[in-house]
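Residue numbers (my numbering), protein chains in the order written: chain A, 606 to 962; chain B, 252 to 473.
These are calculated hints, taken from the structure and not from any lab test.
All C-beta atoms, glycine included, are put in the ideal place defined by N, C-alpha and C.
Hints should not be assumed to be uniformly reliable.
As the list claims (entries may be wrong) - To spell it out: a stretch of chain B is covered by chain A in this simulated footprint if at least three of its residues, at any positions, have a beta carbon under 8 Å from a beta carbon of chain A; those stretches are:
(1) 363 to 375
(2) 386 to 397
What the hints assert, rightly or not - Subject to a maximum C-alpha distance of 20 Å in a straight line, what follows is the list of computed EDC-like cross-link-like pairs (lysine to aspartate or glutamate):
(3) 700(A) to 384(B)
(4) 757(A) to 669(A)
(5) 700(A) to 439(B)
(6) 655(A) to 373(B)
(7) 757(A) to 373(B)
(8) 956(A) to 851(A)
(9) 757(A) to 786(A)
(10) 624(A) to 812(A)
(11) 711(A) to 384(B)
(12) 728(A) to 669(A)
(13) 723(A) to 669(A)
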Amino acid sequence: MSIIARFSLNRPNFTLNTKLILPDTGITALFGASGTGKTTLLRLIAGLEKAHGYCQVQDTIWQDSTQNLFIPVCRRAVGFVFQDAQLFPHLTVLKNIEYGLQRTPKTQRHINPEHVIKLLGIKPLLTRFPARLSGGERQRVAIARSLVTSPKLLLMDEPLASLDHARKQEILPYLECLPQELNIPILYVSHAHDEIARLADYLVVLESGRVIANGPLGEILARLDIPIRFGEEAGVVLNGVVTARDLDWHLMQVTCSGGILWVRDGSQTIGHSIRLRVLARDVSLALTINNDASIMNRLQVTIAEIGQDAHPALLLVRLVCDDLYLLARLTKRSATMLKLCPGMRIWAQIKAAAVIE
Amino acid sequence: MNQTDLIALWLTLKLATVTTILLLLIATPLAWWLTWTNTKLSRVVSSLANLSLVLPPTVLGFYLLLLLGPNGPIGWITTYLGLGRLPFTFWGLVIGSMIYSLPFALQPLQNAFANLGVRPLEVAATLRAGPIDRFFTIAIPLAWPGFVTAIVLVFAHTVGEFGVVLMLGGNIPGTTQVVSVAIYNHVEALEYNAAHWLAGLLTIFSFMTLLILSFIQQRPKI
Numbered sequence: 606m607s608i609i610a611r612f613s614l615n616r617p618n619f620t621l622n623t624k625l626i627l628p629d630t631g632i633t634a635l636f637g638a639s640g641t642g643k644t645t646l647l648r649l650i651a652g653l654e655k656a657h658g659y660c661q662v663q664d665t666i667w668q669d670s671t672q673n674l675f676i677p678v679c680r681r682a683v684g685f686v687f688q689d690a691q692l693f694p695h696l697t698v699l700k701n702i703e704y705g706l707q708r709t710p711k712t713q714r715h716i717n718p719e720h721v722i723k724l725l726g727i728k729p730l731l732t733r734f735p736a737r738l739s740g741g742e743r744q745r746v747a748i749a750r751s752l753v754t755s756p757k758l759l760l761m762d763e764p765l766a767s768l769d770h771a772r773k774q775e776i777l778p779y780l781e782c783l784p785q786e787l788n789i790p791i792l793y794v795s796h797a798h799d800e801i802a803r804l805a806d807y808l809v810v811l812e813s814g815r816v817i818a819n820g821p822l823g824e825i826l827a828r829l830d831i832p833i834r835f836g837e838e839a840g841v842v843l844n845g846v847v848t849a850r851d852l853d854w855h856l857m858q859v860t861c862s863g864g865i866l867w868v869r870d871g872s873q874t875i876g877h878s879i880r881l882r883v884l885a886r887d888v889s890l891a892l893t894i895n896n897d898a899s900i901m902n903r904l905q906v907t908i909a910e911i912g913q914d915a916h917p918a919l920l921l922v923r924l925v926c927d928d929l930y931l932l933a934r935l936t937k938r939s940a941t942m943l944k945l946c947p948g949m950r951i952w953a954q955i956k957a958a959a960v961i962e
Numbered sequence: 252m253n254q255t256d257l258i259a260l261w262l263t264l265k266l267a268t269v270t271t272i273l274l275l276l277i278a279t280p281l282a283w284w285l286t287w288t289n290t291k292l293s294r295v296v297s298s299l300a301n302l303s304l305v306l307p308p309t310v311l312g313f314y315l316l317l318l319l320g321p322n323g324p325i326g327w328i329t330t331y332l333g334l335g336r337l338p339f340t341f342w343g344l345v346i347g348s349m350i351y352s353l354p355f356a357l358q359p360l361q362n363a364f365a366n367l368g369v370r371p372l373e374v375a376a377t378l379r380a381g382p383i384d385r386f387f388t389i390a391i392p393l394a395w396p397g398f399v400t401a402i403v404l405v406f407a408h409t410v411g412e413f414g415v416v417l418m419l420g421g422n423i424p425g426t427t428q429v430v431s432v433a434i435y436n437h438v439e440a441l442e443y444n445a446a447h448w449l450a451g452l453l454t455i456f457s458f459m460t461l462l463i464l465s466f467i468q469q470r471p472k473i
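Next up, chain B with everything else stripped away, as it sits in the complex:
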């Protein structure tokens, strides 16, 4: 592997880690709200959040490019705030990845919260625990397998993304060139040997991810 490949690998891990951490912070309260709310608004929000499950990544990337670009509303705001423009930057990729992987965080968390049911929280309430207290001392510990699943899925899904990255981040080595894009470059340049290395690495990584997941899900409940 050459220098650019290692940089791409490092960038991919950095992107996946940052995306996972930030996305969990956002998805946890959102999943909680969606689990316990059944209004028209929550249905709209839920459909929007899960859009990337069915939408081609290029479509998502295209709209994000427009939104975050110099003429887009978000691009205008970021420029006004002095943050500059987000497309073709690392943080632009982070935002794209978060939106792209949101369903993979929401689904396991919502499942875990729904399985938990309302009863343990009611019990905690009669034992004088307030809503936030109940969330941290009862909901999170009992929904822990859901969190692990969400972390693994989001991380792996971010590592494997291609379309959104290419549309929103382009192909800038060291800034936005991740492994999946690097493989594409190698194949385009007929560098099959280099492509093999990276592709093999991703394959092993994906296999390990699925293996870990199956162990988590099989673990008996305490």
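This is chain A alone, in the form it adopts within the complex:
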């Protein structure tokens, strides 16, 4: 079972056409610049807006225009977290959380409210009114309020966009653990690369109301036609496991499917799964193994594809090593001097890999 969202919407100055089949586990990020229809798509799925289309979540059909079927929002098992929390100002935190819970039929309640309150750390806030909460606290309450209605799908519309960096860091760990803890699929709208790299398992890229790419995060990030849109932030995300630790040099060894990397010790335990983010600008290429260079992470890879970058001086190169994809950004001049071509075996030198989980 999965999530199906097919919509076509034609408004003056705005059209949206989507045909999406999304996984019903983990976090799916909807990425795109502002005005590309991310929020509209989310609102269409929730039923807050109407357009011709079809929407199905797991085994429940929420909308089928060909059958004239449209389940109103209030009868959909959907959670929606707005950008600015939108707590009810006349109710305490507890009453806010109970609002949805009380309206959820007992037979549909499979999420324990106590568990959610503990998970999001809002126990000390329960008796307060929203006006007495910080931005981060409000957003956590809003997430809890949605979750206790046991939604089949949680929609989040840039939930961190109105928060400063510190508040974001405060909420991200809570978001990270939601899919595993509660087993609810999340659709997450964002235009922040760091949030997507950290949270998303699946990525949908929207441009002027159309889906231009969708698939597992690692696959989409390594595509040469998409990274242009990420600009300076183009890069890949690697999933790996901490396998060793070098206490003398404060380094830890991360084993990914295609190779082994040494990164700064983030004090994760051995065996812990982590994500590494490798930006294209931090990967350089060499024809031979350079033992006289400062870069310690070197992988022998195959050039899969060479493509244009946004600037005419630059190229993006997609590299493969077993299941591992990397992107490297280099100048056209270097590429010509090294006579790079697809299929060539070459050494990728990774200058930096950031631990993001």
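Keeping the supplied structure of chain A fixed, place chain B upon it in accordance with the hints.
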């Protein structure tokens, strides 16, 4: 103050209370509909409902007299239903007052609903609250200052009306003679002392109303 004056005072309070209660029951759904609808029909309805803001009360009273009178369509219906004729009765006054004060209920309510915006209602919908549920648990509590303003304004405006009352209700002590009409009577009869009492009372009442309103509007939002 003599007996008739006290009766007029009592009648005025009764009229204002009944008008306020009934008008709020009608104006609330109407204001809700007008806030969220923008069609040709809603514009026509809105203009009609606000007509008494610009129309002289005598004009309104005159037409109501014709409509509710024995030869008017509404008068014919009320007679047919066995309710009798409404002009020169208390309930005739209530209807006149309601129409006359309708804009004073609609404006604050529409403002309050519009300020509320659509977002809290959308949030409530995603938390599985149906339209009526949302209205009572979200819209009314959040628009509460608008309701208080509407109540105060309608009550005060009804107490202060004169033209519509005189045209539609006449000057029958105990039935349709309200304070404003009683003052008129006193002045006509050169009973300035009695007029002073009632006029002073109305002035203090009006001042207190405005004072209360300014406190309501200044109250910080929760």
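Hint check against the structure, violated hint numbers in rising order: Checked against the structure, the hints that fail are numbers 5, 12 and 13, while the rest are satisfied.
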